[in-house]
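Going line by line, the protein sequences match chains A and B. Going letter by letter, the first sequence gives residues 1 to 254 in my numbering. Going letter by letter, the second sequence gives residues 1 to 258 in my numbering.
For the record, the hints were derived by calculation from the structure and aren't laboratory data. This structure is a prediction, so every number in the text was calculated from the model and none was measured. Incorrect hints may appear among the rest.
Unchecked claim - Here are the computed lysine-lysine pairs in the DSSO-like style, where the Cα-Cα straight-line distance is at most 27 Å:
(1) A:K114 with B:K38
(2) A:K5 with A:K28
(3) A:K28 with A:K186
(4) A:K105 with B:K38
(5) A:K28 with A:K205
(6) A:K5 with A:K67
As the list claims (entries may be wrong) - Derived Cβ-Cβ restraints for the label pairs, each shown as a range:
(7) B:F28 with A:S242: 48 to 56 Å
(8) A:S141 with B:V65: 48 to 56 Å
(9) A:L74 with B:A188: 55 to 63 Å
(10) A:D64 with B:F28: 17 to 25 Å
(11) A:S242 with B:K229: 34 to 42 Å
(12) B:F61 with A:S93: 29 to 37 Å
(13) B:V54 with A:D64: 48 to 56 Å
Glycine is no exception: its CB is placed at the ideal position from the N, C-alpha and C atoms.
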Amino acid sequence: MIEIKHLKKSFGAHHVLQDVNLNIEEGKVTTILGGSGSGKSTLIKCMMRLQNATGGQILLNGRDITKEQNPMRLAALRRHFGYLFQEGALFDSMTVGENVAFGLKYLTDTPLEKYPAIIQEKLAMVGLKPHVAELNPSELSGGMRKRVSLARVLAVNPKCILYDEPTTGLDPIMSDIISDLILEMKKRLGVTSVVITHDMHSAFKISDYIAFLYEGKIMMYGTPEEFRKTDNPYVRQFVDGSSQGPIQMKLMKD
Amino acid sequence: MISSIGKLMINWMTQLGEATNMVRSVLFWFTRARFEFKQFINQCVVIGVDSFAVTAMTSLFTGMVLALQGGNTIGNIFGDPIYVGTLVTFSLIRELGPVLTAVVISGRAGAAVTAHIGTMAVTEQLDALHTLGTNPTQYLVIPRMTAFLLSVPILTLFSNLFGVFGGYLVAKYALGIPGEVYMSDVTAFMGVKDFMHGFLKSFVFGFLVATVCCYKGVSTRGGAEGVGKATTGAVVTCIVMILVLDYFLTAILTAFGI
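With the rest of the complex left out, here is chain B (with noise of 0.2 Å):
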């Protein structure tokens, strides 16, 4: 029992170790190589753009419950489904929407990262890489890393913008409450403070998958079968530590009064 958990956390530092030499490279590379632009731009497209319908989706109807279940609640309580608009973007700005597009784009996105540099490695195409005068990093990696960087944060912000519409829609044709109203509510209590703190969980989230998922990529071992194993330890991995950082996120702007 103990070195059975002593193992798995000999692997889980290990693992961490060799995640963290692959950011170092990023870094290193980043400063003296050429940026793979066509690759980026490639990248956009499958992370960003290919991921925005279902983000939009997620958001709409979790926008939509929320003010369902926050209106009824409310409604139960105070007698009027007061601040539905607030409760909304409140719960997407600063944690829904950073939280469920990240999930949405690891499982989607970041799965299919994890399967194609995974892929690449079992068949030798990533030492390929460096006979041929670049190297992983340069090539795959940091393309991915700013796209994931940049497309994650802009996602997040379409998220936003769609569950508030979702909630909008709810307010409006099945709770009864005024349009304007529920716009002013929207923006009655929000503040920059409240946007940078989901800007900033969402720029920390985009990082998180990146390098997940490109690790997990590059240290694919064993066939078809490792590629399948890498795939969904890197879904799994991301999902579990999205929610876990998420609350000492949290807690750590809070704590700065962001």
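If we strip away everything but chain A, and leave its shape as in the complex, we get (with noise of 0.2 Å):
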């Protein structure tokens, strides 16, 4: 499991994230929600240590990631993790099977006689074709930049998945084609899902958890079930994505 617990994250005078409390719950697909520049994206790069927090502890099995100062034990507890970026995020200098096997070389032993077997595995699991890895990152579509950004991350079995707004970008067909494939990864390997989204459709598909983060703190934890019958009028503008609300008025007022 992994615990947020009074997390902090500033950029000078803007503090975007105020006081987080979360848990994040083993096996489980737990989806934060919350609009533009919310500071969804920063605490998820903030659990991966990829931006350093201002406050508070994210507790992974026990030990304060945001505390690691040596190098080495960061980059083991960074293991745990794989993050799928919001573009990609793939080494243009590189094929996509060079893209797919590039984490096995440092993050796992497997002799290199192997990599093309993985690759073509974690290429089929996503849905791409074997020639799939032929190709340059600059030949693909936006969602296949995902998928092949997903086989990527799975290539060296992370326990925890880090999606930061996996269907942004994406016509609906292909969101949802992802909303599924976050949901295989789940069933069929047991993943922890932590989901950055605006997207409703698919957050009510994929979660067991959402949590909506509103001015830098955790507004509503709860199911998707909860989410659909709620009366808190801040998430219930959200979830019926209406441009009347609470937070529109807040807006007007700073």
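Build the complex: two chains, separate frames, hints provided.
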């Protein structure tokens, strides 16, 4: 289990995360909802220590990720996670196959001759044909990039996958395919998933638990059913995707 | 006005501190992580081999113009263009060889390094390295830094040879100095210390260009515009710092009798 306690993150005078408290259940999909600029990506980047928290704790099996200063031990802690970047972050100087195999070299002891089989296995797992391994990332569509990126994450068998807006910028059908993939990874591999999104359709489909991040704090945490029925006007407005409500009023006041 | 100067100073100091941190990180990972030999070889090709023609051309014509200007001036003063070979060789080996090579490499290979790492930074590829068991220092900076440290002195050596050869062509065919006289002038006053003077400079310049260009790349923010700014900033910083550092290095090395 990952426990986030009183997490704070500021950029100068801008306090993005003010007091985030959240427990991520093992083997479940936890979705973090929030508007643009609400700090969702910052939160999972702090979990991966791609950004340093200003205060608070992120406990991974009791060890605080935010306090680890030794680069070697930090690298070891990061191995627990896989990170699916919003735009894929594929290495454009390498082929798709080389991208998928990249982590094997650094995170596993897999012999070199097994790489081709693993590349094909992981590409198949995300629904891509074998010939894709020979392509360059620049030749891929948005949906394919995300799937290749997921294959790269899966190749190193992480215990927890952090998805940064996996469906953003994709057409509805591809969004649904990606959502199905997230569910499949949970069922087949039993991985813990943390998904950052503002796509309500996807959130309701994939989530075991949803957390709503607003003004640097978790305003509501619950099951998708609880979110569907909630009377909280902030959450209600976000779930309904309405321009009228307290969130807009708050923006106007600011 | 004062606040602007203050902000500029703080900005410079911050960048200096961050660049120093990067060097510290290079030393940390250099001894603890596997050396990316394939990356190193690739970078030796990009930084060293691909820059060979442009540095050779630059030095050849520098040597030629030094011989022409020197020969004419000495001829006007003393009546004969004497010690042209000495003038060309000293100027090149102690000063112009290391400086011009470093300037040309910073404009060619340095800019490419900053643009490449910078593009990776703004597309989250540097973050991706952290998530896949390595890090930008180990995977990108160390191979480039070692390739710069190896390539710049070697290119400087070739640059010196081409410059002396350029001087030879002008001395022989434009100034009418016999080839044997020019070559004996080249070696007459040249000692190991003079060679070391230039070599040490080229090594320091290689380190400088590598540090500035890698740091500017890693710290790039703000999309395509940021990459452009970082690349321009890297080249300008390199050129200015090479020229400034050249003076202080000359003063220090001379004080030590080198």
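Hints, one by one, checked against the model:
1. A:K114 with B:K38: 20 Å, holds
2. A:K5 with A:K28: Judged against 27 Å, a Cα distance of about 19 Å means the pair holds.
3. A:K28 with A:K186: 7 Å, holds
4. A:K105 with B:K38: Between A:K105 and B:K38 the Cα gap is close to 13 Å, so the pair holds against 27 Å.
5. A:K28 with A:K205: With Cα atoms ~13 Å apart, A:K28 and A:K205 stay inside 27 Å; holds.
6. A:K5 with A:K67: The hint holds at about 13 Å.
7. B:F28 with A:S242: 48 to 56 Å: 52 Å, holds
8. A:S141 with B:V65: 48 to 56 Å: 55 Å, holds
9. A:L74 with B:A188: 55 to 63 Å: Given about 59 Å between the Cβ atoms, the range holds.
10. A:D64 with B:F28: 17 to 25 Å: 22 Å, holds
11. A:S242 with B:K229: 34 to 42 Å: 40 Å, holds
12. B:F61 with A:S93: 29 to 37 Å: 34 Å, holds
13. B:V54 with A:D64: 48 to 56 Å: Holds: the Cβ-Cβ distance is about 52 Å, inside 48 to 56 Å.
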